[in-house]
Amino acid sequence: MWDHEIKAMASTHAIITASVFMATVIPAVFVPGFSVYGTHLLWVYAVSGTVTCVSVAIFWLLGISPPTKKHTLGYKLSRLSRSCLYFFLSCLFFYTVVVLYGAPLIESALETFSLSVLLTSLTTLRCLCVLGPNVQTWIRVFSRHGAMSVWDTCLQITVACTLIGAWVGAFPIPLDWDRPWQVSSSHRKPTYSDWNQWTFELLFSFHHLQPV
Amino acid sequence: MKGTRVLSLLLWLCLMYFVGIYLFVGGFLLVRMEVNRTSTCGDILEPGDGSGDFCGSQPRFRRAVLIIIDALKIDFARFDPSNTAPRPYENKIPVLEETLSSRPLQSRLYTFRADPPTTTMQRIKGFTTGSLPTFVDVGNNFASSAILEDNLIQQFGKTGKRVVFMGDDTWESLFPKKFHRSLPFPSFNVKDLHTVDNGILQHLYTTSMYLPPELHFPQVFNASIMLNFCSRTCLCWFETVMGDDWDVLVAHFLGVDHCGHRFGPDHPAMADKLTQMDSVIRSVIDRLQNDTLLVLMGDHGMTDTGDHGGESQKETDATLFLYSPSPIFPAPLSQTEPDVVPQTDLVPTLALLLGVPIPYSSVGQVLLPLFSPHGQTGSAVGGLSQLEALWINAKQVNRFLETYSSMAKDIPPESLSQLQQEFSRLSSEYLLTARESRLPSSHLVSALQAYLTSVRDICRATWARFNPVKMAAGLVLLASVCLVCFLMSELSPALMREKTAGLLAPLVVALAVGACAAAAQLLTRGYVETAWCLAAGAFSSEILFFWRVCRLSPPAVTKNGAKASKLSRWLVLRRLLTPPLMVPLLRCASLLSDSYVIAEGRVITFLVLSLVIYIPIHLNWNGLLLPPSPDPLKSAGLLPSPALSPSIVRKESGILLACLGVLIGSMYLSLSFHGCREEQGFCQPSPFLSPLSRLQDSQLKNLYYILSVISLGVFAYLLRHCLCHYGNLNSSGGAVFTARWILPLLSVCLALHWAVSATPEDSFRKLSELIRLAQLALPRAAFCLLGLGLCLIWLDPLTVFVKARATSSSRSSAPALPRYRASTGISPQAELRHLIPQIYHRMRRSLEDGELSGGIEADNRPTVEAYGLGTVYSAPVLLFWGMLGVGLLLLHPEGMALSFLLLLLEMGALLHIHASSVNLSGAHGASTGGFTVPWAPIVVWSLAATQFFHATGHLPTFPSIQWGAAFVGFPDGHTGTFLPALLVSLNTFASHILFAVGCPLLLLWPLVREVRGSRGGRACGEEGEDAVMEMRLRENPEQFSSALLQLSARYLFIHGVQVCSQAAKTNLKVQFVRSLLGRGVVAVALEFQPWHSLYFSICVYFLVNIQHDITPLSVSTLFTGLFFSLCCCYSPETPNGVEGFCTQVDV
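Going line by line, the protein sequences match chains A and B.
Quick note on numbering: the UniProt record's numbering labels position 62 of the first sequence as 62, and the sequence is numbered without any gaps.
Quick note on numbering: the UniProt record's numbering labels position 462 of the second sequence as 462, and the sequence is numbered without any gaps.
Check each hint, because a few of them may be wrong.
Claimed, not checked - Here are some, though not all, of the chain B residues that point toward chain A, as calculated from beta-carbon distances under 10 Å: (1) 463; (2) 588; (3) 590; (4) 599; (5) 602; (6) 610; (7) 613; (8) 621; (9) 625; (10) 658; (11) 662; (12) 665; (13) 667.
To be verified - Label pairs and their computed distance ranges (CB to CB): (14) A:168 - B:787: 25 to 33 Å; (15) B:683 - A:33: 28 to 36 Å; (16) B:647 - A:135: 54 to 62 Å.
The set of hints was computed from the structure by calculation and includes no laboratory data.
No residue lacks a Cβ here, since even glycine has one placed at the ideal position from N, Cα and C.
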């Protein structure tokens, strides 16, 4: 049973990582002039979209979400609409947080918003998929004794690492602004670093789970 | 006893810090006293023959032309005809070579060696005053950059020569009003960046800021524009040279330097530039008249990348070319002539050639080839002979040396006495020669030269060298004090428990070791250097402390056997790596990087925000943020049994999150009050930073004024409300009087003062007298009120109102009930708030040992009610803080009232967050663990101090100091220096002072906001153990003092670590000045901001930074100490007073 869960989780993360990779590679083949650095917004959208679709599909197929009490269509629909609302609210929340952390409020709002969408698709979406639209449960999962299953632990680790990665991503911003690679990123909150972090964190979560 | 121990430990820590900093600064900041005397024509130099030396003989030249070509390296000026493929910077000034070969008696080319730092401002200073550069020239007028030392330009002016200047406007700020006529070129201020609308050029920042505005626009270099720019200079130039209303003409060309910075020397643009300079020189040479001397020089060189500032030979070796239409050199270039001329040597040479006195503090040596050898005056029209010139020069240098050594003691005495002996020997020899009027031996000339050289070398050795040993020692000392702080904070309970004599032993040891060091120095070197004695004392006392700590810790370790020691070490390491300590470490790391220092305000806000968010996340991680759910999925065994009822948990979490919101909001808003550094190109300083009187738009002015007054009102109201809430405004003591009357009055004074100072001067002509009076009187009245209030709080800090009533209700109360009660007429909720602790009860319990059992007395005694006893410690601190806050606001621009309000809000929110988190985590039965304040709030507290340093418009740079503060209440200026310095430093360190004063609140606030429900619920059933709010501190004086020690040690630790990293950074910077200069903002900003010459900026940067860490260090120590002594002196007083009161009633 446990082994089975680990395997399922490993394959899930492998698929998500692969989807991130594909979201980078496929547009590069089909869209002229696409590059991670040059058309970063497009890339971010592609990646968040892919991640959203893939994780929704996978978690739905695997049936991870908590068992629902009612099976009526109306209940399911309300759950779905609440999930969408939470998704949107979480985007706004991350936007606010990023602004409070020092991103410009109006200027380059598009970039900040895409960062918040990205963060949402990496954190809130997974919470929605794994735990359902119930904020109380989310908060409870992120405590020391909150993780009840492998999925919960995995969720803890990935969410924490994503957020820490995004936080660490702010560090290069004040550095010398005359390097060419900094030119485009100096007005924007981190976008790439959390990707790196995410891949690391996936590896890390596997590593972490081995001795569990 | 405990109090004195805490105080003495803190004082000792502070002293250690100061010794460390003193040592470090002593190695780093070498100070040269500025001699403020000036030479005059009538000066008689000892030993003299009675006549004036300086202007005695006919000057050799009547006029002089000084052309300074910025960064004219010697390589640029040399001409090598054999070089067939010259690089862009080679062979581009052929005119020099042509002149040299065709007129060897009229021209010379030398290597002109500059003293590092090779930045323009320092160099101008060097070759006009003839002194050597140091880091801080004491005696300078800090508010302006003018050179006050005696200098050539001043001497020219005094002897009636008309000095005309054109070029770099640095000169204008260095020599204000010294020029007969001047054509400074518009500022090449970095602020010009605003005109750059081109985003790409923003990133060419480092180079583009050098260029005049018109050069910003073309992206591709356009040589013709640069030529155009120069031709403006040239045009005025030719007009002037042709004209005749000048005696000394100074022209400073910047083009070569610009070009070097932007393109480097190896670029075609440099070739164009140098060719153009060639034509300029050529035209000047053609137009010179016979009585004119041409001095062409570079102020410094440049590296291969076109930068400068360091001390490599490429940067120091500039060009010096001398020419006159009439022969000046007695002989063609010979082998014996010097090849390298130090830059200071130009000063006495020019002075003697033009017949003006040598500037007083010049240590230069005359350039001998320009003077005729003794006896053959044939070629020169008048003029001094070599020996005479040297003699005057030697006498002048000796006079300077004597004056200087009487003012400052930094020249080693043995070399000083050696120099004096040498001089007296030479003078007797010279006088003998002169008396017998025989031909002087060449030996005498060379001896005089040797004397002058050795003076210069000794001065240079004294002034321009760091003391790496001292710096390292200071650094080590600082680091070890940080360690001591850390140990002290970890071991404070054990330290307080230890009964052995407190600090007497370390003090004695320190004194003894210091004395020994002094004696050893006296024996070996003959003089005593205080710094080393202090260092020896400090180190020895620290070692003693460590030894005692080692002796202290074994019992703790051996408890769990030998293995435990490893484990505990690991635990200590783990404890160091928690997020609350990671943040200060990150902060220290960020101090090491220039980029982070420039963005310091934002960086620190980011860090504080991260740490603040960490607090609820951490609580949640421990499952404390939410009430334990009745969720059947969770096994009950995993969670500890709930100690707090869910409603309380929910309420506390709500408070915590709300305060978090307030905190983050105020932090975000505080970002809009930041000032701007020069390096931040696209930054606009906050509009609130400029005083209202400078605003033109009257509507805007009114708006700002109203905003400021409203925030001041809110500030005062919040304070008062807080005090009122905890029932501290009922008694009639001094502190309460302050809170009730002086605080509002002070605010009103402040608001009126703002109104008066914002009035435009010309709008109320009739009332101008009144306005002037008000400008003087209002702030002074505010100062007086402030002083009065603070004194009253100090003298009578008790805000407890005790009321005794012999009502029957008290008698009827059963002894089992909690024996405290509120006054009648207050709702039960308010009773919780206005907690009236039972002094009576407590007093009795303390007396119980000696008396009979208390049953009977309880019936006989009246009920005593005391208002505000629960906040007996925090109320005076809060009040003191508030008074100080309003007082410091007085020194700031009006708009800063908003920032101060934010500061208050942030502080309050932080205190509430801390208190809530303590309450929430108090569920774990940690109530027995003393009053330890965890790291996270302390770190936030100390970083918030720095955050508000920035948010009150301050920056750790020199130009950002708000000088206006010195004139609050003294609009006509001061006579002394103490008062303005005090006011300015109060203004600068306002936020640090406020946070340091408020620091004890961190300890007290959780007690003030103690959750009654839990403890009451648990304790009520047992004995009426209701040590409530801060009375809890009274109960455990030992824990209290250890907690206080821990708190202040932690606070000191965080600031100490920052000081340490500052020092380390400065050390690194000094070591790698050159590598730093190659890139980065520092070099660039330094070049054009006269005040920002490299060393100066490092110094100021260091000083200001260190200051803003020292101040909290000292202030916090001071205030914790004072606070503690205050507590100690009046807390025993409280029951005593009440006792007296009670007995009186009894009788």
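Results for each hint:
Given hint, residue 463 of chain B at the interface with chain A, is violated; its Cβ is 33 Å from that chain's nearest Cβ, farther than 10 Å. Interface restraint check: residue 588 of chain B against chain A, minimum CB-CB distance 14 Å, threshold 10 Å, status violated. Contact between residue 590 of chain B and chain A, as hinted, is supported at the beta carbon level, the nearest pair being about 8 Å apart and thus within 10 Å. Nearest Cβ of chain A to the Cβ of residue 599 of chain B: about 4 Å, under the 10 Å cut. The hint holds.
Residue-level restraint check for residue 602 of chain B holds (minimum Cβ-Cβ distance to chain A is 6 Å; threshold 10 Å). Nearest Cβ of chain A to the Cβ of residue 610 of chain B: about 7 Å, under the 10 Å cut. The hint holds. Among the interface hints, the one on residue 613 of chain B holds; its C-beta lies about 9 Å from the nearest C-beta in chain A, closer than the 10 Å criterion. A cut of 10 Å between beta carbons decides the hint on residue 621 of chain B: the least distance to chain A is about 5 Å, and the hint holds.
At its closest, the beta carbon of residue 625 of chain B sits 7 Å from a beta carbon of chain A; the interface hint therefore holds under the 10 Å criterion. Below 10 Å, beta-carbon pairs count as interface contacts, and residue 658 of chain B has none with chain A, the closest being about 16 Å; its hint is therefore violated. For residue 662 of chain B, the interface hint is violated, since its Cβ never comes within 10 Å of a Cβ in chain A; the closest pair sits about 13 Å apart. This hint holds: residue 665 of chain B has a C-beta 8 Å from the nearest C-beta of chain A, less than the 10 Å allowed.
Interface hint status for residue 667 of chain B: upheld, as the beta-carbon distance to the closest one in chain A is roughly 8 Å, under 10 Å. The given range of 25 to 33 Å is broken by residue 168 of chain A and residue 787 of chain B, whose C-beta atoms sit roughly 49 Å from each other. In this structure the supplied range 28 to 36 Å holds for residue 683 of chain B paired with residue 33 of chain A, their Cβ-Cβ distance being about 34 Å. As the Cβ distance of residue 647 of chain B to residue 135 of chain A is approximately 20 Å, the hint placing it in 54 to 62 Å is violated.
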